[in-house]
Amino acid sequence: MSKWGKRKEYSNDSEGDSESLVKKKTKNKFVPDDSGAIDICELSRNRKVSVRMWQGKVYVDIREFYMKDGKQMPGKKGISLSVDQWEVLRNHIDEVDKEIP
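Numbering (my numbering), first residue to last: 4 to 104.
FYI, nobody ran anything at the bench for these hints, they're computed from the structure.
Quick reminder that beta carbons are idealized off the backbone N, C-alpha and C, glycines included.
Take every hint as true, because none was put in to throw you off.
27 Å max Cα-Cα, derived DSSO-like pairs, lysine-lysine: (1) 51 to 101; (2) 74 to 51; (3) 60 to 79; (4) 60 to 74; (5) 51 to 79; (6) 51 to 80; (7) 60 to 80; (8) 71 to 51.
Taking CB as the label site, the calculated pair distances span: (9) 57 to 104: 32 to 38 Å; (10) 96 to 74: 30 to 36 Å; (11) 93 to 50: 14 to 20 Å; (12) 104 to 52: 19 to 25 Å.
Required output: the full structure, derived from the provided sequences and hints.
This is the structure we're talking about:
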């Protein structure tokens with residue numbers, strides 16, 4: 004835990020005349036939404052690029068996977084880029100290519 008304590012998220016409860024704050028519990032862990040995942044390509048045996056929906060937003064996901072109980076699961080190692088971040092990266096691909104010998 005940080006020296007400032009745990010982060011709390013609140014939302015307005017629209018029921019009734021008074022505005023009360025209701026505490027929400029959220030986890031900041033990557034939880035895949037298997038129903039919206041589209042595998043784009045396999046970079047290696049354990050690395051994949053996919054496009055998926057997570058918490059209502061679209062992400063380009065570059066991630067390592069591992070096997071658990073015969074099922075391939077996403078690991079901690081990886082990055083999920085928002086659409087805006089993906090566009091920035093995509094616009095700089097030529098610059099990256101020029102730097103690779």
